[in-house]
Each structure stands twice: as C-alpha cells, then as structure tokens.
Amino acid sequence: MAEASCPASCGEFIQGWINGGEKLISCPINWFSTVEVTEGTPEPSERPRMRQALRMVLKAVGYSDDVSKLLRIRFDSTIPVAKGMASSTADIAATIVATARLLKKRLTEQEIANICLQIEPTDSTIFEALTLFDHNNGKTQIGHNWSPELDILILESDARLITADYHQIDRQQTLLANAEKLEKAWRYFQEAAQNNNLYKLGEATTLSAEASQHILPKPAFHDLMQLVDKHNLYGLNVAHSGTVVGLLFDNRQHDVEKIMSEVKSSYLNRHYPQQHYCSLAAGGIR
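Quick note: the sequence shown uses the working numbering, first residue 725, plus one each step.
Accuracy of the hints is not assured; some may be wrong.
As the list claims (entries may be wrong) - DSS-like mimics (lysine-lysine), calculated; alpha carbons at most 25 Å apart, straight line:
no., residue 1, residue 2
1, Lys863, Lys793
2, Lys783, Lys828
3, Lys783, Lys829
4, Lys905, Lys924
5, Lys982, Lys954
6, Lys793, Lys783
7, Lys954, Lys988
8, Lys863, Lys828
9, Lys829, Lys924
10, Lys828, Lys793
11, Lys924, Lys908
12, Lys924, Lys954
13, Lys793, Lys829
14, Lys863, Lys783
Claimed, not checked - Label-pair distances were calculated between CB atoms; the ranges are:
no., residue 1, residue 2, range
15, Asn838, Trp870, 39 to 45 Å
16, Thr802, Gln977, 27 to 33 Å
17, Pro766, Arg830, 43 to 49 Å
Think of the hints as simulated: they come from the structure by calculation, not from any bench. Backbone N, C-alpha and C define an ideal beta-carbon position, used for all residues, glycine too.
Hey, can you work out the whole structure from these sequences and the hints?
Listed below in structure tokens is the structure:
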C-alpha cells in the first residue's frame, strides 16, 4: 500500500494574461485529498480521472496497462467539487504519486506536472513553491521561495462550475483587455514575495479578482470589497474558474469571528452560505 496527499486551493492569487499567455498562481490551503493505491480489485467508488492518472503512471515507468486491473484506488477528500478549489488536481496528483510510490518509483515535480497536463488543465498546487504556471501547457513555471503566514476565510457559494465548462467561455478578448492590470498584479505579487508584504499581496490578488469580474463575476463583489476595507484585511482573492472567494487576513491582527458573524448576518450570506476558516499551506504532494 502507498499513500499521498495533495492540497486544495482557495482559487488563485492571480490568474490572467501575463507574459504573453494565460497563467495562474494557485493559493494552496491546509485541506487535502489523500489517495491510497494498493493491490486489489478496482472499486466503483473511485473517480475516473484517478484511474486515468494511475494508468498513465504505469505507462510512464514502463509497466503494462494490464497491471492497472490489479490495483485499487481509495481516497479521502472533502474538498468541494466544481467550486474552483483544485479538487480534481488534488485527486489526480495524489494518485500519480501514490501509484509511483507503490511501484518504488520517484517522480519529479516536472514529471508529475507533465502527467497531470495530459489529463486536464492543472493548478500550481502540485509545486511546493508558489508558482506562476501556464496551467494549459506547463511551459511557464516561475517559483517563489516564499511561505507567508496567511489565514483565509473561504466563502463558498452554492453555485457550481465544472472547470471544463469555464474553458469553453470565449474570454480571449477580455483577457487581453485586462492584460495591463494582470501585469501590474504580477509585479505586486513579486514585490510581496521579495519583501514579505502581505498587504502588497492583497493588492495583487484584489486586482486579479477585479479583472476576473469581467469574465466570471462573483455576486456581491462590492459588498465583499467593503468588508475588506472595513476590517482592514489584506485583500481578497477568487476562484477565477470557480465560485469561491477568499478573504485574506492574519488571525493575530484581525477578528475572524467578528468577520464571520458579519457575513452570516448580512446580504453576503445569501450568496455565500458556507464559510471555511483555512490557512495557506505549502504546495506539493506529501
């Protein structure tokens, strides 16, 4: 038996047209999909892309596809699905690494990324460092040696959006129209990383969230911004291809109970009836 875990993501810190193409930096959190691969008969409860990932690992390391019929996948994940929280990337990446471990093989981050990208556009939660990543083809990977201490209040909408459906949206012109704003957000993110400046990080994420409103608008966005200003939070970020929003703060400086109470007693609760208190986590597969 072999096991691996991959973190979820509270959407992205930034996502948009940067350096000549659409790229993102995921926001990994301490919420995981854990996958176990063992010898045994496959079970109907496993998710199809997990099975696909297992078979691709077998092929990559030189095993016959027939071996897949002898391997069982079990998983434990409460990550909300179709909300923009990288649940699928977490499932796939954890399956890849668990399968490789069972076979006594070690895969690099690049090899994991290559397999993931053959299955679907992939979040940068697969990298240990916060990474600017071309989630469609993987050609850009710019990591940052920065692990900020950051708390996140995730506001979850009842609305769902399959990532594949997001990629069917005709967004090219809007991405290009907001390219200048995203380049600015990218500069702010780099400054934040260099100086460990969480308010500068919030400026970056908020700029990207504002640009995302032109593609996939989040309900009550003005009210969310007012909440950020009222409590002097670092900023907010969004799932650019999903429906969740994150409020970025430090529990040593900000009163999260008060913020949660205000959300629950306000108009925002109609749009975001579930709240989750999480923290930023290192990316990569455990």
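Against the structure, the hints:
no.: 1; hint: Lys863 x Lys793; verdict: violated, 33 Å
no.: 2; hint: Lys783 x Lys828; verdict: holds, 15 Å
no.: 3; hint: Lys783 x Lys829; verdict: holds, 13 Å
no.: 4; hint: Lys905 x Lys924; verdict: holds, 15 Å
no.: 5; hint: Lys982 x Lys954; verdict: holds, 12 Å
no.: 6; hint: Lys793 x Lys783; verdict: holds, 13 Å
no.: 7; hint: Lys954 x Lys988; verdict: holds, 16 Å
no.: 8; hint: Lys863 x Lys828; verdict: violated, 28 Å
no.: 9; hint: Lys829 x Lys924; verdict: violated, 41 Å
no.: 10; hint: Lys828 x Lys793; verdict: holds, 18 Å
no.: 11; hint: Lys924 x Lys908; verdict: holds, 11 Å
no.: 12; hint: Lys924 x Lys954; verdict: holds, 18 Å
no.: 13; hint: Lys793 x Lys829; verdict: holds, 19 Å
no.: 14; hint: Lys863 x Lys783; verdict: holds, 22 Å
no.: 15; hint: Asn838 x Trp870: 39 to 45 Å; verdict: violated, 25 Å
no.: 16; hint: Thr802 x Gln977: 27 to 33 Å; verdict: holds, 29 Å
no.: 17; hint: Pro766 x Arg830: 43 to 49 Å; verdict: violated, 25 Å
Of the hints listed earlier, those the structure fails to meet are numbers 1, 8, 9, 15, 17, in rising order.
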